[in-house]
Amino acid sequence: MESSNGKITITYREAVKQGLREALQNDENVFLMGEDVGRYGGAFAVSKGLLQEFGEERIMDVPLSESGFVGAGIGLALAGLKPIVELMTVNFSLLAMDQIVNNAATLSHMSGGQLNVPVVIRMSCGIGKQLAAQHSHSWEPFYAHIPGLIVLSVGTHEDARGMLLTALKSPDPVIIFEYTAMLNLEKEIAVDAGAVDISKAKVLKKGKDISIITYGSGVYKSLEAASELASVGIDAEVIDLRVLRPLDEETFLASVTKTHRAIIVEEAWRSVSISSEISSRIMEKAFYDLDAPVQRLCGIEVPIPYPLHLEDAAIPQKNDIVNAVKKMIRHD
Amino acid sequence: MIEFLMPSLGADMEAGTLVEWRKKPGDSVKRGDIIAEVETQKGLIEIEVFDEGIIEELLIKEGTKIPVGTLMALINPPESIEKTKKISAPKKTTITIQPTEEKIIEKGTGEKFEEKLFKVSPLAKRIATENKIDLSQIQGSGEDGAITKEDVENAIVQQNKVAKIPKETIESIKEKSTSQIESIRSAVAAAMSKSNREIPHYYLEKRIDITKTLAWLRATNHQRPIHKRLLPAALLIKAVAQSLVNFPDLNAIWENGIQIKKEINIGFVVSLRGGGIIVPTIHTANLKNIDEIMEVLNDIIPRARAMKLRSSDLSDSTITITSLGEGGADAVFGVIYPPQVAIIGFGGSSQQPFVENGMLGIRTVFTATLTGDHRATDGLTGSDFLSALNKHLQNPELL
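So the protein sequences, as listed, match chains A and B. Here numbering that gives the first Met the number 0 is used: the first sequence runs in plain steps of one and ends on residue 331. Here numbering that gives the first Met the number 0 is used: the second sequence runs in plain steps of one and ends on residue 398.
Treat the hints with care, as some may be off.
[Claimed, not checked] Calculated pairs, EDC-like style, for lysine to aspartate or glutamate (alpha carbon to alpha carbon, straight line, at most 20 Å):
| no. | chain 1 | residue 1 | chain 2 | residue 2 |
| --- | --- | --- | --- | --- |
| 1 | A | K326 | B | E142 |
| 2 | A | K257 | B | E149 |
| 3 | A | K326 | B | D143 |
| 4 | B | K118 | A | D288 |
| 5 | A | K326 | B | E149 |
| 6 | A | K201 | A | D234 |
| 7 | B | K124 | A | D288 |
| 8 | A | K207 | B | E149 |
| 9 | A | K325 | B | D143 |
| 10 | B | K124 | A | D234 |
| 11 | B | K124 | A | D208 |
| 12 | A | K325 | B | E142 |
Hints listed in this document are in silico derivations from the structure and should not be mistaken for laboratory results.
Please model the entire structure based on the sequences and the hints provided.
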């Protein structure tokens with residue numbers, strides 16, 4: 000829905016689709032392959048209508064073999080094409096881990112720089128749709144662990160719209176995490192929104208009292224929490240990490256150096272997570288600027304429960320963020 | 000809530016100047032911890048606390064002179080801390096603790112650490128170092144009492160203010176310390192004048208043959224390593240304490256009538272090198288053996304001379320011993336230290352002709368005296384006491 004100020008209200012799903020369409024329009028070598036992306040229109044209807052628009056050669060349904068089609072995508076990328084491989088969900092990406100870790104991430108190194116693997120692998124992920132333990136994984140920390148990959152987390156509509164376009168320009172493999180729970184969420188973005196930077200974290204709200212550092216589905220929750228905190232006089236800065244590998248530590252360190260306090264919010268399990276890494280780096284590089292211990296709000300370390308109230312309780316919610324920040328600043 | 004009052008360090012003390020708080024709100028204290036330093040006429044005394052708990056509030060500012068009995072601080076006893084913890088616990092856990100597979104390590108409540116460690120944020124510490132702020136003087140407002148940037152910044156503001164205040168108050172305290180001798184002089188003057196004014200003294204003396212006593216001491220010391228050797232004073236204190244058990248009327252105070260004390264706490268007069276005296280207490284001396292009394296003397300006399308006594312060192316004595324030591328006058332008749340009712344004096348010992356069982360011999364003899372408060376006891380009590388004392392000194396091995 001277009002408004003007069005050059006902005007448009009759009010769902011996250013629509014933003015991803017527009018990005019896909021623009022990528023397909025821009026470059027004939029770009030194509031989408033994945034389970035049910037064509038005739039079915041994508042498991043989450045992200046690619047609905049694209050088969051009709053771009054034809055079977057550009058929108059390719061593949062057999063139910065994650066290892067097989069991700070491997071094919073890597074091969075096609077090696078051969079000079081620009082495949083966008085869609086893994087229906089991050090949960091199934093485990094079946095393609097060997098292709099991603101041992102081929103996509105290492106071939107540049109193994110070939111002494113002769114071979115690049117410019118594949119983009121998109122996967123939907125996250126918690127909040129009552130999909131139960133096996134289908135509610137947050138594997139961002141897994142992929143962010145692997146040298147040779149660029150790992151992006153789509154926490155905002157702008158990034159849903161623009162990250163793919165920039166990712167396709169990368170000579171190296173890019174993993175893009177999209178969040179199922181946000182697909183129907185409507186936000187305003189610029190009518191002319193397009194490609195975005197994929198090297199920097201972004202300060203989404205400036206503040207002076209505390210840095211809330213987050214990514215993915217933590218982003219909007221943190222922004223809402225920051226608004227509520229503002230009403231009680233706490234001026235929180237919200238940082239969307241966006242790029243989980245390589246981490247843009249400059250941005251969050253600068254923020255912590257200013258606010259002297261940091262809390263990291265993520266849905267992934269707490270131990271050995273993105274927040275563990277952020278917290279360590281703050282400790283290593285901004286220790287003498289800290290006025291309070293770094294805190295973390297993470298997914299609770301249990302298989303994600305099916306019942307809605309337990310599922311909600313398993314991950315940080317807006318109120319959790321508000322309460323944790325208040326406690327850090329006012330100790331209440 | 001426990002009230003911590005300015006203690007009386009002797010009946011002659013009316014007021015003291017709080018020089019320094021050694022604890023801050025939030026600190027846990029237990030019996031015997033030093034809570035503050037107070038300047039009195041007897042010098043700078045470390046004041047101990049006799050309760051257990053957490054300091055809730057310090058009510059008196061450093062540098063203030065306050066009368067004995069003034070409320071100085073509030074201490075939260077352990078039970079009430081437990082209670083508040085229990086009440087607030089569920090609320091806290093729902094907010095802060097994220098259940099994870101990690102074992103949640105309870106934050107150390109180890110008292111041993113709390114005594115000396117206090118929490119400071121890295122930033123606060125850095126700012127404090129840069130501005131030469133003494134962190135131990137800051138009360139932390141952060142979680143668990145941690146000192147934060149804000150606390151240090153407030154301290155800097157305070158410091159700048161203090162720097163502008165005329166230094167008179169601080170100076171006056173310093174001056175006092177330098178004139179400690181004079182102040183002790185006036186303390187002694189006040190107490191002794193009161194004593195002479197109010198107490199009807201009676202005086203008794205008894206020559207005591209201490210040949211056997213000293214022989215036993217020599218023999219005992221001969222078998223001991225040097226640092227374990229006993230001084231005659233330890234033996235005298237023990238003998239007095241032991242004798243007092245049967246003379247409760249002498250181990251008492253006079254306050255609107257005689258009040259007999261259960262504990263036998265002996266004040267032992269220590270002469271200061273610069274003049275003046277100070278009287279530290281050997282608590283429950285009758286229950287201590289001679290070695291234990293010697294240990295107390297070894298600890299307390301150097302500290303008394305260095306003016307480093309604690310409040311408990313100076314309080315609760317129920318009777319006083321003054322001993323002139325070797326080479327001095329033959330006898331000393333003490334002036335009672337109010338509100339006590341007796342003082343025992345030992346003169347210097349010397350070799351004298353001494354008749355025993357019709358035989359004349361040369362013996363080491365000294366004169367023990369007793370000055371009694373005639374309101375509390377009569378001469379007969381004192382006389383019987385001196386006889387009992389003599390008996391004990393003749394049988395040192397039984398002490």
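Evaluated hints:
Restraint check for K326 (chain A) and E142 (chain B): satisfied, since their Cα atoms lie roughly 8 Å apart, inside the 20 Å limit. Among the hinted pairs, K257 (chain A) with E149 (chain B) is consistent with the structure: their alpha-carbon atoms are about 14 Å apart, no more than 20 Å. Note on K326 (chain A) and D143 (chain B): the hinted pairing holds, with a Cα-Cα distance of about 11 Å set against a maximum of 20 Å. Restraint check: the Cα-Cα separation between K118 (chain B) and D288 (chain A) comes to about 15 Å, which is no more than 20 Å; the hinted pair holds.
Taking the CA atoms of K326 (chain A) and E149 (chain B), the gap is about 16 Å. The hint holds against a cut of 20 Å. At most 20 Å may separate the alpha-carbon atoms for a hinted pair to count; K201 (chain A) and D234 (chain A) meet this at roughly 17 Å. Distance hint between K124 (chain B) and D288 (chain A) is fulfilled; the C-alpha atoms sit about 10 Å from each other, no more than 20 Å. Between K207 (chain A) and E149 (chain B) the CA atoms are separated by roughly 14 Å; this keeps the pair inside 20 Å, and the hint holds.
Between the alpha carbons of K325 (chain A) and D143 (chain B) the distance comes to roughly 15 Å, so the proposed pair stays at or under 20 Å and holds. For a cut-off of 20 Å, the pair hint linking K124 (chain B) to D234 (chain A) is broken: about 24 Å separates their Cα positions. Proximity of K124 (chain B) to D208 (chain A) is assessed by CA-CA distance (about 19 Å); at most 20 Å being required, the pair is judged to hold. For the hint pairing K325 (chain A) with E142 (chain B), the CA-to-CA distance comes to about 11 Å; that is within 20 Å, so the pair holds.
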